[in-house]
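Build the full structure now, drawing on both the sequences and the hints.
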Amino acid sequence: MSDITAVKDKYAAQIQAASELRALDDIRVAALGKKGEIGKMMQGLGKMSIDEKKVMGPALNGLKNDIAAMVEEKKEQLENAALDAALASETMDMSLPVSAPAGTLHPVQQVMEEMAVIFSDMGFSVAEGPDIEDDFHNFTALNFPPGHPARDMHDTFFMTAPEGEEKKVLRTHTSPVQIRTMINEKPPLRIIAPGRTYRCDSDQTHTPMFHQVEGLVIDKGIHMGHLKGVLMDFVSAFFETDVDVQFRPHHFPFTEPSAEMDVRYERVGSAIKIGQGEKWMEILGCGMVHPNVLRACGVDPEEYQGFAFGMGVDRLAMLKYGMPDLRDMFAGDSRWLAHYGFDPLLQANLATGLS
Amino acid sequence: MKFTLSWLKQHLDTEASIDEVVEAMTLAGLEVEEVENPAEKLKAFSVAKVLTAEKHPDADKLKVCTVETRDGVKTIVCGAPNARAGMTVAYAPMGAYIPGADFSLDKKPRKIRGVESSGMMCSGKELDLGEDADGIMDLDSALEMGAPLADALDLNDPVIDFEVTPNRPDWLGVDSIARDLAAVGLGKLITKPIESIKGSYPCPVAIKTDVPAACPTFVGRVIKGVKNGPSPQWLQDQLKAIGLRPISALVDITNFITYDRARPLHFYDVAKLEGGITVRMGLGTGVMDTSGLSTDDYFHALNEHSYCATPQDIVIADEREILGLGGIVGGERSGCEDDTTDILIECAYFDPLTIRRTAKRLGVNSDAKYRFERGVDTGFLLGGMDLATQMVLEICGGEASEVVIAGEIPTPPADIEFDPMQVTKLTSLKLGDDEMTRILEALGFAVKTGPLWKIGVPTWRRDCTEGADLVEEIARIHGYHNLEAVSLPPLPGRREPTATITQNRTRLARRALASRGLSEAITWSFVLQDHATLFGGGEDKMLLDNPISSDLDCMRPTALIHLLLAGQRNADKGYPRAAQFELGPVYRGTNPNEQALTLAGMRRTETERHWAGDCPVDALAAKADALAALEAMGANVSNLQMSKPTGDYWHPGRSGRLQMGPKNILADFGELHPRVLKALGIEGRVVAFEVWPENIPAPKKKKASKAKSALALSDFMPVHRDFAFIVAEDMQAGAILKAAQGADKQLISDVSLFDVYQGKGVEEGNKSLAIDVTLSPKDATLTDKDIEAVSDKIIASVMKAGGRLRG
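As you go down the protein sequences, you meet chains A and B in turn.
Going by the numbering used here, the first residue of the first sequence is number 1, and it counts up by one from there.
Going by the numbering used here, the first residue of the second sequence is number 1001, and it counts up by one from there.
Read the hints as simulated data drawn from the structure, not as lab findings.
Treat the hints loosely; a few may be bogus.
Stated by the list, open to error - In the DSBU-like style, the derived pairs of lysine-lysine whose C-alpha atoms are separated by at most 30 angstroms in a straight line are:
#, chain 1, residue 1, chain 2, residue 2
1, B, Lys1041, A, Lys279
2, A, Lys186, B, Lys1425
3, A, Lys220, B, Lys1425
4, B, Lys1125, B, Lys1061
5, B, Lys1240, B, Lys1227
6, B, Lys1009, A, Lys279
7, B, Lys1800, B, Lys1778
8, B, Lys1198, B, Lys1227
9, B, Lys1448, B, Lys1192
10, B, Lys1192, B, Lys1224
11, A, Lys279, B, Lys1061
12, A, Lys64, A, Lys40
13, B, Lys1644, B, Lys1738
14, A, Lys47, A, Lys75
15, B, Lys1448, A, Lys220
16, B, Lys1360, A, Lys167
17, A, Lys186, A, Lys220
18, A, Lys220, B, Lys1644
19, B, Lys1541, A, Lys167
20, B, Lys1573, B, Lys1541
21, B, Lys1043, A, Lys279
22, B, Lys1111, B, Lys1125
23, B, Lys1573, A, Lys320
24, B, Lys1002, B, Lys1125
25, A, Lys8, A, Lys53
26, B, Lys1745, B, Lys1708
27, B, Lys1644, B, Lys1623
28, B, Lys1738, B, Lys1708
29, B, Lys1240, B, Lys1192
30, A, Lys220, B, Lys1430
31, A, Lys75, A, Lys64
32, B, Lys1240, B, Lys1041
33, B, Lys1800, B, Lys1663
34, B, Lys1700, A, Lys186
Stated by the list, open to error - Far from chain A, by Cβ distances over 10 angstroms, these chain B residues were calculated:
#, residue
35, Ala1442
36, Leu1491
37, His1673
Backbone N, C-alpha and C define an ideal beta-carbon position, used for all residues, glycine too.
Structure (structure tokens):
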């Protein structure tokens, strides 16, 4: 038995002293390998008496297990030490800058998406039409008689045309899309028509190109109360606050009765706060579609009626998101786009919010 | 249109304040643009009485006055020579802002040569009220001490400016404004009726109209023995208050009636007429003969211009020559002057379209033209004549002739058959017959009720032609604020998505591009024609007739131009490396089907230094952008053909085109041609792309179910095999990859390029392409023989495409 203790002590000392994995493995082989010392001692069992075996057998097995455990423990220690040593040299400067490309989406597009979402919830589809229009779609069908002073108020851009041919126009509103839709589709209709519009005017509050969203509902039994309701629902959803509105008469050739809608606002410093204060700001024009417009599109005004509305997208974008100058919208200044633009991961929707 | 509150009150009996008037106008559809009260800037000033005025002990020209003011008795040192005891003056308290002198008084008493002075006595000039700067204002002694100066001087009269919509020419007269306000209940209409004035002798000037379409009626009358001169103070004040300059009694009378009744008139000096008056069209060419010797039909107008009348223009002529352009501007020769004694009054009706066309061509504007082109009241031709006669007789004296009516007075507008139920149907307002009748009658309509109402339309309301117009009148006067808002009822049935496929696709593509570091811009649809030409556009038919500026005169053939220019502007300001894109229209013609939607973008290539190594922007960055956009839009990008763009604004060797089949172009990309960039004034190289979202095929017809096909997972390991092929250096790598991929469509699941090598070991003019082919067996593990067989197929296929296995 003293042999066993001596052998154990010997290997324990060697294992303890091993400083690297290979040396440890040599010790393991020397002790526990097929031709190792413990094996040899095991072979000695065959020559022993049964009584001796009864004692020595378990003792040798115990010795074997103890050494194996010591090796295993040491191995783990050495591996950890080796990893720690390796990790000690694996350093990186975590303050080094990393960059991810970051582009933004234009606020006017964002606002048009917001409008599409709000109106989609009320069943409006999005319709589109060409920017270069003819006189019929932009004016005549919309009940602007030829030569009428109302045409002057539109500061129309004309295309050149050969002598004797009618000049095409850049659409002064997206209302021609109404006309195209009414001519091509059957009621009931619920559409909004967002897009580029053009007027020959340029100053702090006018750009020669701007964006409009026009809405049209044609059905049986649609009345002006619905118009007021839709627009009130819209402005509160759009400005994401309860907005007080004023609905007052106005004149447009293509609607009768016609109205304009104002929202309550207040100027706080240089910012404009919608929904509070004592002042009214006009934000859109609207009305019941004029019977002449319905007739021009082949819709029977005795059977169908409806309403239309139109609003300036760029101005609404400015009011909601605080851009101070309309002209910056189309200048492509990188700093402006970065500041006023929107994260591309954002998708306006009613479940998670518009922006 | 401007008018004062006091002018309104000549037609409307009301106690309403200015705020109430403005509110009522707004709610009745008269959109107020501005209210200016001259009393505002006189708020600080009041009437005061000078008690004593003694010479200043230390200054010869100054006086020390004690003044009784509403702030108590004050000592005021004053330099005005006319200051005296007992005088009634305009008093400014300490701290007041003096508008005419643009300074504010001290807030505390100030010592002037040793005498403390509190406040100031003002001259008219200092208060912007006149030019009497020789001394202080010497007010009427009857004025009460302490009264606000604006009230004492009758200046508390706000001026209202509002937008006259084109349908309501009658609002260009104060009487009609009053009528609408009376209808909404703001007061009572008190416009005085006009008495018909009989002439005492036949009109000595013969009048005829040869053009009944352009000028159906010319009502005329002569008044003999008038005395012209300055008009009475009230008339001058009334015109001045709305910004008109008083000229002479006769001119002021016409201006007054123009604004009071929207009724323009013209007065001729009878002494200067030669023979009778004829209304006709012009006979000239329209081009002025500057020699002045021409016999062309022209005249010198009162506005200091000369005009030549064409057959499109209405002229008033005597037997010698043109006297003026009817309804637009009168001539100098026949105009009234101070010594005029006999006048001919013209009260006519001119065709609005004719007036408008002429005025537009000649660029003339006048108060008369503004009213005639919108249409004046055909029912007020005789009334206008009588009002003018009455005012001339009252102000200038004289004796009136009988009235001549040349032509015929236009017939009144047709009655409207009106179904009163239409009001509820269109507006949801439920009004009683009484209220609807009251409103219509208050506006001047004649109402005959019945199952269908018969509505007589007043001559000044020719904008009303059918039921909807009357509905608007009733709703407007009743008030839109009384409309109950009703949310739109939902449409029945299942809801389809409301956006089109292109809208949805571009929404995703824009996000894909922004995520890749490009910022979305929106730029003008018009460009400089020379720039358009560089990009394959710029045809004359794409030019604007009236561009906003000469550098934006042509509809764009590409969205790249403004993006490139913006990129350069950013660089010039010190912000290089602009990367922007735009979704918008481009124009190939003026027809609706010649407009296309483009998704275009550019990246400037200024190198950004980076600690981990520079990452240059090259043509393939633009390819990656284009592919990202296409992929986001659902295009099958693995199956596109590569060719060369046809536009010669692309770099000849560093640009590509992605297309489906021979005709359907999805995208062009690459470096832009350096010559084109130079012509645009762009420094350095720029890469760009143009993607055509509308060219991506629509997904196959919608299946009944959106469920995806079952997922078949193979149990067998994929195997990778590498190959290296030698190809000519101008050979497109894409062709080799495609050839390899096509060798066995069942087994080959992927081919990737992992090395492109030129140099030692590869002959000059060639390159080596190393590819990794993934083989994905589905039925059984691949044997060496299987792998060898597919390898042979790959090599054969690539050889056919122009490559050979590298030895």
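Structure-based check of each hint:
1. B:Lys1041 - A:Lys279: 22 angstroms, holds
2. A:Lys186 - B:Lys1425: 21 angstroms, holds
3. A:Lys220 - B:Lys1425: 10 angstroms, holds
4. B:Lys1125 - B:Lys1061: With Cα atoms ~20 angstroms apart, B:Lys1125 and B:Lys1061 stay inside 30 angstroms; holds.
5. B:Lys1240 - B:Lys1227: Holds. B:Lys1240 to B:Lys1227 sits at ~22 angstroms (cutoff 30 angstroms).
6. B:Lys1009 - A:Lys279: 27 angstroms, holds
7. B:Lys1800 - B:Lys1778: 28 angstroms, holds
8. B:Lys1198 - B:Lys1227: 20 angstroms, holds
9. B:Lys1448 - B:Lys1192: Answer holds: B:Lys1448 to B:Lys1192 is near 26 angstroms, not above 30 angstroms.
10. B:Lys1192 - B:Lys1224: The hint holds at about 26 angstroms.
11. A:Lys279 - B:Lys1061: Not satisfied, since the Cα-Cα distance of roughly 51 angstroms exceeds 30 angstroms.
12. A:Lys64 - A:Lys40: Holds: A:Lys64 and A:Lys40 sit about 12 angstroms apart, inside 30 angstroms.
13. B:Lys1644 - B:Lys1738: Holds, because 18 angstroms separates the two Cα atoms, which is no more than 30 angstroms.
14. A:Lys47 - A:Lys75: Distance of about 35 angstroms is beyond 30 angstroms: violated.
15. B:Lys1448 - A:Lys220: Holds: B:Lys1448 and A:Lys220 sit about 29 angstroms apart, inside 30 angstroms.
16. B:Lys1360 - A:Lys167: The given pair, whose Cα atoms are some 17 angstroms apart, holds under the 30 angstroms limit.
17. A:Lys186 - A:Lys220: Given pair A:Lys186, A:Lys220 holds - Cα atoms ~12 angstroms apart, limit 30 angstroms.
18. A:Lys220 - B:Lys1644: 55 angstroms, violated
19. B:Lys1541 - A:Lys167: Given that 30 angstroms is the threshold and the Cα spacing comes to 10 angstroms, the pair holds.
20. B:Lys1573 - B:Lys1541: Violated, at roughly 36 angstroms.
21. B:Lys1043 - A:Lys279: Satisfied, since the Cα-Cα distance of roughly 23 angstroms is no more than 30 angstroms.
22. B:Lys1111 - B:Lys1125: 24 angstroms, holds
23. B:Lys1573 - A:Lys320: 29 angstroms, holds
24. B:Lys1002 - B:Lys1125: At roughly 25 angstroms apart (the allowed maximum being 30 angstroms), B:Lys1125 and B:Lys1002 satisfy the hint.
25. A:Lys8 - A:Lys53: Holds, because 19 angstroms separates the two Cα atoms, which is no more than 30 angstroms.
26. B:Lys1745 - B:Lys1708: Distance ~22 angstroms between B:Lys1745 and B:Lys1708 Cα, so the pair holds.
27. B:Lys1644 - B:Lys1623: Holds - the C-alpha atoms of B:Lys1623 and B:Lys1644 are around 13 angstroms apart, at most 30 angstroms.
28. B:Lys1738 - B:Lys1708: Holds. B:Lys1738 to B:Lys1708 sits at ~27 angstroms (cutoff 30 angstroms).
29. B:Lys1240 - B:Lys1192: 23 angstroms, holds
30. A:Lys220 - B:Lys1430: 18 angstroms, holds
31. A:Lys75 - A:Lys64: 16 angstroms, holds
32. B:Lys1240 - B:Lys1041: 17 angstroms, holds
33. B:Lys1800 - B:Lys1663: 26 angstroms, holds
34. B:Lys1700 - A:Lys186: Holds, at about 26 angstroms.
35. Ala1442: About 15 angstroms separates B:Ala1442 from the closest Cβ of chain A, which puts it past 10 angstroms; holds.
36. Leu1491: B:Leu1491 is in fact no farther than 10 angstroms from some Cβ atom of chain A, at 5 angstroms.
37. His1673: Correct as stated: the minimum Cβ-Cβ distance to chain A is 21 angstroms, above 10 angstroms.
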